[in-house]
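Student: Residue numbers (this note's numbering), protein chains in the order written: chain A, 1 to 504; chain B, 505 to 906.
No incorrect hints appear here.
Quick list of in silico lysine-lysine cross-link-like pairs, DSSO-like style, CA-CA up to 27 Å:
hint, chain 1, residue 1, chain 2, residue 2
1, A, 498, A, 428
2, B, 820, B, 874
3, A, 428, B, 781
4, A, 284, B, 662
5, A, 209, B, 662
I should point out that these hints are in silico values taken from the structure, not numbers from a laboratory.
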Amino acid sequence: MEIHNANKTCWNCPAAILKGNVDFRGCGQSRRIVPKGDDKQLMIECARRPELGHYEPSITFEQCPEWRETEFGYLLKDMRVMILGLDGYLGWPLALKLGKLGCKVSGVDNYLRRDMVMEKGSHTVVPIARMTDRLKTASEVLGVNINFRQMELNDLKALREFIDEVKPEAIVHYAEITAAPYSMVDVEHAIKTQKNNVLGTMGLLWIMKDIVPMSSLLKLGTMGEYGSPLTGRPLFEGMFPNDAVLQWDDREWSMGGELTPRDPHSFYHVSKVQDTYNVYEACKYWWLRSYDIMQGVIFGVHTDEVAAHPDLRTRLDYDEWFGTVVNRFVTQSLLGIPLTVYGEGEQIRGMIALEDAMECMVRLIAAPPEPGQYDVVNQISGLYKIREVADTVAEVGSENHGLDIEIQRLENPRVEAERHPFEVVSSKLSKEHGFFPNVPLEKEIDRMFELLSEDEIMNRIDQKKHVIMPVTRWSGEKKESGVLEVYKPGEKKEEGYKGILDTE
Amino acid sequence: MTRKTVVIGMDGVPLRLIEELTDSGDMPNCAHLRKEGYLSSMHSAVPEVSNVNWSSIVTGANPGEHGIYGFTELIPGTHTVCFPDRRALKAPPFWSDNSKRYVLLNIPAMYPAPEVNGVFVSGFVAPDLDKAVKPMDELEYLRSIDYEVDVDSSIAHKSHRLFLERLFETLEKREKAYRYYWTRKWDVFMLVFTGSDRLEHFLMDAYADEEHEYHEEFIRYFREIDRIVGDIYGSMDEGSRLVMLSDHGMEPIKINVNVNALLEQNGLLELGGHPEKRYNNIVDEGTSAFALDPGRIYLRDKDVAREVVKLFEGLKYEGEDVIGRINLRDDVYHGPEIERAPDIVLTPNSGYNIKGGVKYEDVFEKNIFKGKHTASDAFLYCNEKCIPRSPTVEDVRDIIEK
Numbered sequence: 001m002e003i004h005n006a007n008k009t010c011w012n013c014p015a016a017i018l019k020g021n022v023d024f025r026g027c028g029q030s031r032r033i034v035p036k037g038d039d040k041q042l043m044i045e046c047a048r049r050p051e052l053g054h055y056e057p058s059i060t061f062e063q064c065p066e067w068r069e070t071e072f073g074y075l076l077k078d079m080r081v082m083i084l085g086l087d088g089y090l091g092w093p094l095a096l097k098l099g100k101l102g103c104k105v106s107g108v109d110n111y112l113r114r115d116m117v118m119e120k121g122s123h124t125v126v127p128i129a130r131m132t133d134r135l136k137t138a139s140e141v142l143g144v145n146i147n148f149r150q151m152e153l154n155d156l157k158a159l160r161e162f163i164d165e166v167k168p169e170a171i172v173h174y175a176e177i178t179a180a181p182y183s184m185v186d187v188e189h190a191i192k193t194q195k196n197n198v199l200g201t202m203g204l205l206w207i208m209k210d211i212v213p214m215s216s217l218l219k220l221g222t223m224g225e226y227g228s229p230l231t232g233r234p235l236f237e238g239m240f241p242n243d244a245v246l247q248w249d250d251r252e253w254s255m256g257g258e259l260t261p262r263d264p265h266s267f268y269h270v271s272k273v274q275d276t277y278n279v280y281e282a283c284k285y286w287w288l289r290s291y292d293i294m295q296g297v298i299f300g301v302h303t304d305e306v307a308a309h310p311d312l313r314t315r316l317d318y319d320e321w322f323g324t325v326v327n328r329f330v331t332q333s334l335l336g337i338p339l340t341v342y343g344e345g346e347q348i349r350g351m352i353a354l355e356d357a358m359e360c361m362v363r364l365i366a367a368p369p370e371p372g373q374y375d376v377v378n379q380i381s382g383l384y385k386i387r388e389v390a391d392t393v394a395e396v397g398s399e400n401h402g403l404d405i406e407i408q409r410l411e412n413p414r415v416e417a418e419r420h421p422f423e424v425v426s427s428k429l430s431k432e433h434g435f436f437p438n439v440p441l442e443k444e445i446d447r448m449f450e451l452l453s454e455d456e457i458m459n460r461i462d463q464k465k466h467v468i469m470p471v472t473r474w475s476g477e478k479k480e481s482g483v484l485e486v487y488k489p490g491e492k493k494e495e496g497y498k499g500i501l502d503t504e
Numbered sequence: 505m506t507r508k509t510v511v512i513g514m515d516g517v518p519l520r521l522i523e524e525l526t527d528s529g530d531m532p533n534c535a536h537l538r539k540e541g542y543l544s545s546m547h548s549a550v551p552e553v554s555n556v557n558w559s560s561i562v563t564g565a566n567p568g569e570h571g572i573y574g575f576t577e578l579i580p581g582t583h584t585v586c587f588p589d590r591r592a593l594k595a596p597p598f599w600s601d602n603s604k605r606y607v608l609l610n611i612p613a614m615y616p617a618p619e620v621n622g623v624f625v626s627g628f629v630a631p632d633l634d635k636a637v638k639p640m641d642e643l644e645y646l647r648s649i650d651y652e653v654d655v656d657s658s659i660a661h662k663s664h665r666l667f668l669e670r671l672f673e674t675l676e677k678r679e680k681a682y683r684y685y686w687t688r689k690w691d692v693f694m695l696v697f698t699g700s701d702r703l704e705h706f707l708m709d710a711y712a713d714e715e716h717e718y719h720e721e722f723i724r725y726f727r728e729i730d731r732i733v734g735d736i737y738g739s740m741d742e743g744s745r746l747v748m749l750s751d752h753g754m755e756p757i758k759i760n761v762n763v764n765a766l767l768e769q770n771g772l773l774e775l776g777g778h779p780e781k782r783y784n785n786i787v788d789e790g791t792s793a794f795a796l797d798p799g800r801i802y803l804r805d806k807d808v809a810r811e812v813v814k815l816f817e818g819l820k821y822e823g824e825d826v827i828g829r830i831n832l833r834d835d836v837y838h839g840p841e842i843e844r845a846p847d848i849v850l851t852p853n854s855g856y857n858i859k860g861g862v863k864y865e866d867v868f869e870k871n872i873f874k875g876k877h878t879a880s881d882a883f884l885y886c887n888e889k890c891i892p893r894s895p896t897v898e899d900v901r902d903i904i905e906k
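Using the sequences provided together with the hints, build the complete structure.
Tutor: Here's what the structure looks like:
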């Protein structure tokens, strides 16, 4: 099978520095970048192979000695990847994976996630080491050396200096507040979320324009940007496909290439939508390149690298703000708390295991978009109803770990459709980037039960169990949700809509 | 003490234009010099593109010796087009003689700037100013006047008006730079005007047509060059040598001729795969010949040489022969770099603009460009009697150094 990025060329490569055009017929030069001009030839210089002089960007990754083959496609030798939010649930495992693949990993974090979880009165149930210990262990156990700085994303001066020093060839932007409930706590939390996310990203874009315009930006978005349209309109990958048509008043227009409508679920999701527009515009104005990664609900604890040593583990939150649904259900199972399904439980969500998400990220880092290209991928490996997720967790918990698990439906603290059609298009990762999910939901749930059953972790889960039940309501009230119903797994009949995942 | 030499280059200016504008009174300073000195036509290099010509002018060498055959080459072992610059020049230029001091401004194809005994500012193609200037501490001044190596030619594709405005701005900055460096200590001062070539490429039709919207502006540009030439000549020390030259001529385009389209149509070139035509899509098995700009034909299969020659000998447009001369490698090139030379180079008849890109479907087509290079009517001037008979660009170095 052909390697997914073998035929990408210097045009995609972050080491290629655009030098404008040579205008043969006018015997002149132009600073303007015109990729396809009759008489103009785009000219680049390779930051890694200056001996080639100026040339057109057409050497393929397969041909270029700077790109070497890995299990995830060709990867730029010693590729400089900077991870913003390196201390987080995703940032840390990605740093280790990239480091193991030979990338020069750098990153920043201000430990905001640690602080916010503490503010909630919670802690990560999987204990994580201090950053200095994490870095030391990464070096000793995996041979991965990470260039880390403690830094606020909004400290533009410091960020600019660090980016200038490292000159990253890819920037993974995970440095955002990730929790919908957190953004709905009160005005301060809403503003903090949007300020951190929207302004942080805006600052980053300007710095990239000035210092590393060829670097590829991998910006974490969320499937929640799209909402769940009640019409059942498919959730395309960011933009309408070429053959999409808008009909109205007996007239019709092509919608191909236009951004699809967004219908976010919370002020946090709104911040992600605003990011989308800011990144989209920056690509248009400044020829930056970016993947906006609409990630589904993430779950799990495992990658080969984090499993290599206790000090390399990544965090796992279970509180009502930061605990994602699968992670929360597993800890509730271990505590004997009925799994908390909000409202009908008929909400359908795209999901992906941590390990699969990390592989997707590596594949995307290995296949940068073209200059000026804003691209979107829907990064999910399956669609699940929340009620079904609860059933699956209960099933794995009882069959493999002897747990007796119940499920409770709670008053929904959120404003969201509880019963809706849901069709998601997620074909780029498989068709263009050679990714196929490896980690079924059941498998990762089983791994989670294994890990979380360790005594130390069980103690930690027990210590803060009061933070699990939702009290943050979208109405602004702070009130625990009432229990609508308690039932045994498998008791509910299949009903309602079925999620449709289009991967072809 | 070394006698001083001043060299003024005018990229792409045909002898005919100098003669006409000096006769008409539009270039009075050049008219005066013409009376006092010696003006001749000059043959360009093969092919007659600027970087080949200027490489021959500064080295006195044949392309087979200096190794520059055009604006493009293919990276060895690939079909990736690269743009050779000064680093690819294999013959030593006149400034390698360190016993003289130099100010060398805007010489095309000499990027990045070399170390010289004096000051060097590269001409086009020069993507970064900071690599176009030696020594580096000269950058501060050039940045302070917002110096530009070349007018951004992409503007001409949008607006001739704005293009002209920028062309004059670039000339103004060039003049500032020359005045700034004139007071330095030097033995050879060389200044090349390159806007002339741009102007002619886009507005050659404005020269002949007095009714043309930009006819006056076209002439004004040459009046400005003449004014600067007058200033330079007026401030030269007595007994100094003044050399003026262009690298090639220019004439209006009748029609563009796409060499690769003809090769493709005749089964000599096969492009496949990617929908966008480019050199990287050349199918090796189906290709025995391909061309790089402007009319440099490389034979994969030497046995097709006769077929290719015949093809272009027979090429006609509206009953007229398109190709004037078919140059074979060994007839026009000599030297250690000859192995990399094209096998055949086409020199067209008047009005036919030979093109070597692979993007074109039709053999004959028209586009925005109005002027094309010519090979036999560049000009060479010296205020002293030192020009050989039928000079070529390879004779200039001797005249500069004598």
